[in-house]
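A.B. asks: Could you slot chains B, C and D onto chain A? The hints should help.
Residue numbers (our numbering), protein chains in the order written: chain A, 198 to 445; chain B, 198 to 445; chain C, 198 to 445; chain D, 198 to 445.
Worth flagging that the hints you see were computed from the coordinates, not collected in a lab.
Since the list can't tell identical chains apart, any single copy or any two copies may satisfy a pair.
Result set (DMTMM-like, lysine to aspartate or glutamate): computed pairs, CA atoms no more than 25 Å apart in a straight line:
1) 203 / 244
2) 263 / 305
3) 268 / 301
4) 297 / 443
5) 352 / 443
6) 297 / 377
Number of protein chains: 4
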Amino acid sequence: MPPLSKLIAIVAGVGPGTGASVARKFSSHYPVVLLARKPESYESLAEEINSNGGKALGISTDVSSKEGLAKAVEGIKKEFGADVAAAAAVFNASGPFLRKPFLEIPAETFESSLSVSALGGILFSQAFLPLLLKGLESSEHPPSLIFTGATASVKSNAQMASFSTGKWALRALSQSLAREFGPQGIHVAHAIIDGVIDIPRTREWLKDMPPEAKLSADAIANDYWWLHTQPKTNFTWEIDLRPAIEKW
Amino acid sequence: MPPLSKLIAIVAGVGPGTGASVARKFSSHYPVVLLARKPESYESLAEEINSNGGKALGISTDVSSKEGLAKAVEGIKKEFGADVAAAAAVFNASGPFLRKPFLEIPAETFESSLSVSALGGILFSQAFLPLLLKGLESSEHPPSLIFTGATASVKSNAQMASFSTGKWALRALSQSLAREFGPQGIHVAHAIIDGVIDIPRTREWLKDMPPEAKLSADAIANDYWWLHTQPKTNFTWEIDLRPAIEKW
Amino acid sequence: MPPLSKLIAIVAGVGPGTGASVARKFSSHYPVVLLARKPESYESLAEEINSNGGKALGISTDVSSKEGLAKAVEGIKKEFGADVAAAAAVFNASGPFLRKPFLEIPAETFESSLSVSALGGILFSQAFLPLLLKGLESSEHPPSLIFTGATASVKSNAQMASFSTGKWALRALSQSLAREFGPQGIHVAHAIIDGVIDIPRTREWLKDMPPEAKLSADAIANDYWWLHTQPKTNFTWEIDLRPAIEKW
Amino acid sequence: MPPLSKLIAIVAGVGPGTGASVARKFSSHYPVVLLARKPESYESLAEEINSNGGKALGISTDVSSKEGLAKAVEGIKKEFGADVAAAAAVFNASGPFLRKPFLEIPAETFESSLSVSALGGILFSQAFLPLLLKGLESSEHPPSLIFTGATASVKSNAQMASFSTGKWALRALSQSLAREFGPQGIHVAHAIIDGVIDIPRTREWLKDMPPEAKLSADAIANDYWWLHTQPKTNFTWEIDLRPAIEKW
Numbered sequence: 198m199p200p201l202s203k204l205i206a207i208v209a210g211v212g213p214g215t216g217a218s219v220a221r222k223f224s225s226h227y228p229v230v231l232l233a234r235k236p237e238s239y240e241s242l243a244e245e246i247n248s249n250g251g252k253a254l255g256i257s258t259d260v261s262s263k264e265g266l267a268k269a270v271e272g273i274k275k276e277f278g279a280d281v282a283a284a285a286a287v288f289n290a291s292g293p294f295l296r297k298p299f300l301e302i303p304a305e306t307f308e309s310s311l312s313v314s315a316l317g318g319i320l321f322s323q324a325f326l327p328l329l330l331k332g333l334e335s336s337e338h339p340p341s342l343i344f345t346g347a348t349a350s351v352k353s354n355a356q357m358a359s360f361s362t363g364k365w366a367l368r369a370l371s372q373s374l375a376r377e378f379g380p381q382g383i384h385v386a387h388a389i390i391d392g393v394i395d396i397p398r399t400r401e402w403l404k405d406m407p408p409e410a411k412l413s414a415d416a417i418a419n420d421y422w423w424l425h426t427q428p429k430t431n432f433t434w435e436i437d438l439r440p441a442i443e444k445w
Numbered sequence: 198m199p200p201l202s203k204l205i206a207i208v209a210g211v212g213p214g215t216g217a218s219v220a221r222k223f224s225s226h227y228p229v230v231l232l233a234r235k236p237e238s239y240e241s242l243a244e245e246i247n248s249n250g251g252k253a254l255g256i257s258t259d260v261s262s263k264e265g266l267a268k269a270v271e272g273i274k275k276e277f278g279a280d281v282a283a284a285a286a287v288f289n290a291s292g293p294f295l296r297k298p299f300l301e302i303p304a305e306t307f308e309s310s311l312s313v314s315a316l317g318g319i320l321f322s323q324a325f326l327p328l329l330l331k332g333l334e335s336s337e338h339p340p341s342l343i344f345t346g347a348t349a350s351v352k353s354n355a356q357m358a359s360f361s362t363g364k365w366a367l368r369a370l371s372q373s374l375a376r377e378f379g380p381q382g383i384h385v386a387h388a389i390i391d392g393v394i395d396i397p398r399t400r401e402w403l404k405d406m407p408p409e410a411k412l413s414a415d416a417i418a419n420d421y422w423w424l425h426t427q428p429k430t431n432f433t434w435e436i437d438l439r440p441a442i443e444k445w
Numbered sequence: 198m199p200p201l202s203k204l205i206a207i208v209a210g211v212g213p214g215t216g217a218s219v220a221r222k223f224s225s226h227y228p229v230v231l232l233a234r235k236p237e238s239y240e241s242l243a244e245e246i247n248s249n250g251g252k253a254l255g256i257s258t259d260v261s262s263k264e265g266l267a268k269a270v271e272g273i274k275k276e277f278g279a280d281v282a283a284a285a286a287v288f289n290a291s292g293p294f295l296r297k298p299f300l301e302i303p304a305e306t307f308e309s310s311l312s313v314s315a316l317g318g319i320l321f322s323q324a325f326l327p328l329l330l331k332g333l334e335s336s337e338h339p340p341s342l343i344f345t346g347a348t349a350s351v352k353s354n355a356q357m358a359s360f361s362t363g364k365w366a367l368r369a370l371s372q373s374l375a376r377e378f379g380p381q382g383i384h385v386a387h388a389i390i391d392g393v394i395d396i397p398r399t400r401e402w403l404k405d406m407p408p409e410a411k412l413s414a415d416a417i418a419n420d421y422w423w424l425h426t427q428p429k430t431n432f433t434w435e436i437d438l439r440p441a442i443e444k445w
Numbered sequence: 198m199p200p201l202s203k204l205i206a207i208v209a210g211v212g213p214g215t216g217a218s219v220a221r222k223f224s225s226h227y228p229v230v231l232l233a234r235k236p237e238s239y240e241s242l243a244e245e246i247n248s249n250g251g252k253a254l255g256i257s258t259d260v261s262s263k264e265g266l267a268k269a270v271e272g273i274k275k276e277f278g279a280d281v282a283a284a285a286a287v288f289n290a291s292g293p294f295l296r297k298p299f300l301e302i303p304a305e306t307f308e309s310s311l312s313v314s315a316l317g318g319i320l321f322s323q324a325f326l327p328l329l330l331k332g333l334e335s336s337e338h339p340p341s342l343i344f345t346g347a348t349a350s351v352k353s354n355a356q357m358a359s360f361s362t363g364k365w366a367l368r369a370l371s372q373s374l375a376r377e378f379g380p381q382g383i384h385v386a387h388a389i390i391d392g393v394i395d396i397p398r399t400r401e402w403l404k405d406m407p408p409e410a411k412l413s414a415d416a417i418a419n420d421y422w423w424l425h426t427q428p429k430t431n432f433t434w435e436i437d438l439r440p441a442i443e444k445w
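In isolation and in its complexed conformation, chain A is listed as follows (with noise of 0.2 Å):
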């Protein structure tokens, strides 16, 4: 019998947020791809889980672009062998986009938006999910392929369409993922990210509110865990995440 393949875990748009927390999670148990436009966005990451025992691997690639893509998936084949497998990937990347009045709103706002969050997460999956498929044989956990959501995930409010349009997109690519590679095995799961989380860049917001006022992005990695976790008996599709003194 030959050996099983190597099952690694993969991070798409990972910065100081969830992204990285999330890569902190699992890379106690896989070794991890840190994919984000920037090198400055995940080197100082991969060094601290390469130092930490760990094994991380940064590779710089615009999610949006399939031949960036392509090539991500043949480093990761150079680094971890031609018969890698995967025990998870995770998509946290957004597009950018404007809150102000739609007729004020450039149409590539728009453009670039819907090509990181609604386009970059089709091409994400048409990459990894045949690593996915691949780690069925070898992953003690369903394989499991992890969409990041937002409030705007399932409500489009006023002056906020460049970013839902994305979002509900993404969504919808979950849901129909969901249900084709469920009874392949693959666990596909969307998060409904559904509040403040608590990194460097909000460290200012709510500061008239306590701390537990934004979420973690650690106890967010721990909820992408569980998902992990599950047995292909109880699938979660989706969940949301919010601190318990968020209004909605």
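C.D. replies: Leaving out everything else, chains B, C and D in the frame of chain A:
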């Protein structure tokens, strides 16, 4: 007092089904502009309307192109005057898609589906909302921006992702616009067409079922007209439409 | 051939708002039966309709009582003949509720809210669906069973549980009945009234807002009539209705 | 400083499925109170837990009776002290229902279904929220109130109204309580069990399918435990749970 602007209705995605019926219905109240990629999609309809005492102007345009839409607006102003206003704009276009296993669908299919269904809806709205806002002063009924959705706007089945991603994005757009432009007096609505429409292309479908197993395109047009005539005390954002015997 | 049955419309929950407007609207097409617990809720309306050339029969009944409804049906048959049929039945009743902290609401409030909004809708449907089914043979428009919902039919806010529990149950009822009786030709619909209706009781509300900040009860009645006239190729199960300037 | 209150978990609707698994799971952390109408529903389970080093107290009660629940609380205080507090309360009861044509279902079936699924959930919450609030001071994890839902909590199929009306009402209750009590630190959650649970009663169902075609009750219990351990920065209100191969 200067004379009030000329009020028109614009229908994008005119083919032999819903688009044509909507154009016919609205043409008994307003001159109608028929947008489609290929002239053969609107030529006979324009002729029919013009010879029946109505007024129709067909313009060949690609709704996924900002420049194309700008030229269409130019053509409209040339025909109806620079101060033309709109009483209604109906977005009835959808991108091509494939009902196939996800990993067999080319990235290009997703791209072109998103570029028509999602980006097309965005660009159409940016092109014609200024005309609708101008219509506020003279339109008897609240100027209306109506989007045609589908079952796949609210449910994302296996193998349907190349359709549903764009349709969910379009629904998000319509909800955000309803919230932003409703208070300005524009009625934004979304119709979920949940079933097969009775058009030449579907003549052979559901042949073992009674004729009322398919939606009537003319009845859809009546429903759009009803949406258009709702007063601003009573706006409906969303309706679903299906044959009585449809399973859902 | 025996003469076709007499077609009537039944409205439960007739007060000075939606119920009265719906009854007035439908009374120009059908004799109407007005159901309310207290005669003073329908007396002046019945008089008005009867003196305007319409025909109205008020019956004092409690929709949460099976026996009460059976007696109402008896009264209807006495008036309109044993073979009376219905073209429309509108359930517009709601139980009393309290907007208060959950632990301060007496169990009795929940019980009576459920017994009107939920059980009342069930008993009303069981009482009048037989008449609607009989209406199939003679009604020009598909016999219609319409339920009045509210914001609280789709959103369950803090302190609103004594209202929303009954309203969600009623929405569930309407969806199930739409799926069961639609194929039999009965049009079952549910309207989400999302805002304040302009009635005597709300005269003092939203006084700093323009008059169109409130829903018009007469316009709701028009919408119900539109639902009633949809052909069986194009049934709408659910509409939402709100003032253009409503935040949602 | 007075000693902290004794923390217990309460499970209503203990039978051979989810209720028993949840009770077993939580019994390794807390003494558990087992509520069921008939003693035979909890007797062997209580014995099993007590003989395994845990602590279980079975109480025969009808959740649709306010007085019955008051007596249960009394019994709990007698056993665990007047200052007893709760770390978790799980409402897992459903009323009886009939899957039949609507007009063939006796009114009594609807009444008893609503009185358990809807009113039962309300009365259970009113009885045990005070104990959960008392648990705030001593519980390691946020005191949790968890409701068991079903496919019929979000979809109301033909002939299912006698089940879905109660389940939609229960979901409304859970959403309202999540919004009211979340800010007070109580974690209110709702689980949509979307499939057949593998219990003795369903042994013969889906026999031509692989064993993982059914939900595992023990895995549901793990999911409920995971909900219970979420920190108050990251509360999930709703999860869906279904076998990987389930069609939905």
